[in-house]
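So the chains spell out like this:
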Amino acid sequence: MPAPTSSSYAYAADLPEHVWRADALAAPEADTVSSGDAALDAQLPGGGWPVGALTELLQASGVHLEWRLLLPALLRCGQGPVVLVGVPTVGSAVLLPFAPALAGLGLPWQRLLWLRAADAQLWVAEQALRCAPVDAVLVWLPQARPQELRRLQLAAAQHHKLLFVMRHSAAARTASPAALRLQLAPCATHATGLRVDILKRQGPPLARALDILPAQGQLARVLAAQDHDVCEPVSDRAGGGAAPAPVTAATVMVNAASLGFCTDASALDRTAA
Amino acid sequence: MRPHWIALQPEPAAQPELADALRAWAWRALRLTPLVAQVDSVLVLEVSASVRLFGGGAALLQALLQAQYGPLAPDPGAASASVASAPRLAQGRTALVAMARLQLPPLPRLPIDALPVHTLAAAAPHRATLARLGVHDWGTLRALPRGGVARRFGAGLLDALDCAYGQRPERYPWLTLPEVFDEALELAAQVDAAPALLFGARRLLAQLQVWLRVRQRGALALELQWQLDARRSNAAHTDSHHSGDGWGRLQLRTAQASQDMRHWERLLAEQLARVTLPAPVLYLRLRAPATQPLQSESRSLLPDEQRSGDPLHQMLERVAARLGPGSVLRVALQDEHRPESMQHWHPASDQAQRGARRGTPCGSLCGMDAGLYPAWLCASPQPLATGPDGAPRFHGPLALLAGPQRIEAAGWDDDCGVQRDYFIARGAVSGLLWVFRQRLSRSDAGAAQWYLHGLFA
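Order-wise, the sequence lines are chains F and H.
For the first sequence, position 35 matches number 35 in the working numbering, and the numbering has no gaps at all.
For the second sequence, position 378 matches number 378 in the working numbering, and the numbering has no gaps at all.
It is possible that some hints are incorrect.
Unchecked claim - Restraint-style ranges between C-beta atoms, simulated for each label pair: (1) H:A385 x F:P204: 38 to 46 angstroms; (2) F:L213 x H:G326: 37 to 45 angstroms; (3) F:Q147 x H:E17: 18 to 26 angstroms; (4) H:H337 x F:L213: 29 to 37 angstroms; (5) H:V429 x F:A225: 19 to 27 angstroms.
Bear in mind the hints are in silico, worked out from the structure with no lab data behind them.
Every residue gets a Cβ at the ideal spot worked out from N, C-alpha and C, and that includes glycine.
With these hints in hand, go ahead and build the complete structure from the sequences.
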């Protein structure tokens, strides 16, 4: 996206308040919960995750970065249960939410509730959204049709809940009624960082992916402390094999996805809300 | 104290939602007075002892009819419905007078002596003879010589007349409110499919609701039974719901006692959907074996901040009813050093027992190392391929960033002691992983195997 020239800024500043600006984010219709990261909040309409709307997180298979992104919001959204729906997997293995780790990150284990539905996730998620004390619903959906997602979106709007749906990144090509779609990947530069690409939002598309560093936790400190003497991986056993190549440093990607098909996608699927 | 009787007769078809409307009204009436009896299809209530307590006859009648106690009383908003479902009422000095007035239009209100003879049940068989004698009302009948009346019509008529005028005490089999709800319903037609039993069960549930409201209790468990048609050879069929004695059973439990029949109805519908009836059903029976006193909800003075929706336990029970209790999981933490045993996902339904058995651990767990555990744990460690240099690979080569942290499995429940060296590894695609290298302490030889055990999400 070309940077606006100073003259266009000046012109925009002269316009009266009620003139709609094409580069403005949508005014928040509902509440939002801060994502805990100022850079991300600035790019989300309303300054955070929308309450009462469907947020879609897309990840490649074998990648699960949702907790790091969502935990600050889950800590903020209240004291009620956080309902996990579905059976996330990596490869052929079922993943269990590891409550001691989540408790260490601040999410009390008493709030966790796992509805382990392998094939009825949509029905279960709808029941969870309908439940009064529930604060947030996280759904892992391997496959879903737009009509089904739309039903979830309506249920979230009706009952005013945080709703996150985790899907495979291949779903980025299909239309979705989600108010917000994000693509998650590990950050190339920082071990604990996240690369977030906003595929769809109520506002102009974002050309560049965001790199997010979650608050400095114990893990980040330990990794930073060991940063000097890493890459001595299999010292005694492997018998002096060459160390694997260190992860390549910062390559600032111009995100082709957000410029290419994703603009098409956001043109196709307008938000249901 | 002058006796004061009320006769009450619900309209026959006014309340089809109830299994037994007359009995439901009797339960309601028992809140007001202990003297309630059923005479044919009429309820009679002796309320002279209660009138003062409830603030007069009019207030007592209102208490009997008011909408607060559920489906029995008419909805004040719907005028037409109230006309249809309000029971017919009459009052009198004695039960026989009240019952006689019930058979007549409410206005004009006749004095006792002017009541027609046919309204006295004992005189009804002799109605034609009495008419030929010119006896049309109770006063004329009573003025006849007693000896002649007793010879001509039997002593029963005189006794009834004495009772009607209050000269002889009236005795009825008094009704009581049952201690345990146990009601049966004969279905109007044979039912072949289990889900269709819900229509009959709904009427029994409405009856149960009346009982619960009168008792001010909530139901914790229900048992629905149905009798199979004994003429069918399949009636002795045996499965999880049928024990072979011609009866089928379904047990339901809920965590929190409630009078909310919609929740029971949903649970029942989920369970009935899985029942296969071997033979048609004619009788239904509903029992409430476990109930407990209900705390009434306090109403907030301020505009409610409560969110709309179902209570949590209802949602969990509904999901468990459809998907099985093993799919609704809560977590319990345990003091353990092996990652697999640190947490235990267990069905939410047995949370109460579990909490009692092993106290609440944690504390030490959430201490120093908790931040170094991955947020996702593989249910079983996944073997990883290794590259030519012996380094683990998972969607590309992995770089080990931190470690090793050695965790030994003590030999309590494993045959061999196992040593695991945990590393935090990083892949370009997959992000941070928790991998370990395992060696069996017995056979130290051979290449160590790498496993993936968690994801730092």
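Now the hints, each set against the structure:
In this structure, A385 of chain H and P204 of chain F meet the distance hint of 38 to 46 angstroms, their C-beta atoms being roughly 44 angstroms apart. At roughly 39 angstroms, the beta carbons of L213 of chain F and G326 of chain H sit within the given window of 37 to 45 angstroms. In this structure the supplied range 18 to 26 angstroms is violated for Q147 of chain F paired with E17 of chain H, their Cβ-Cβ distance being about 36 angstroms. Separated by about 31 angstroms at the C-beta atoms, H337 of chain H and L213 of chain F satisfy the suggested range of 29 to 37 angstroms.
Checked against the given bound of 19 to 27 angstroms, the beta carbons of V429 of chain H and A225 of chain F, roughly 25 angstroms apart, stay inside it.
Hint 3 from the list above is the single one not met by this structure.
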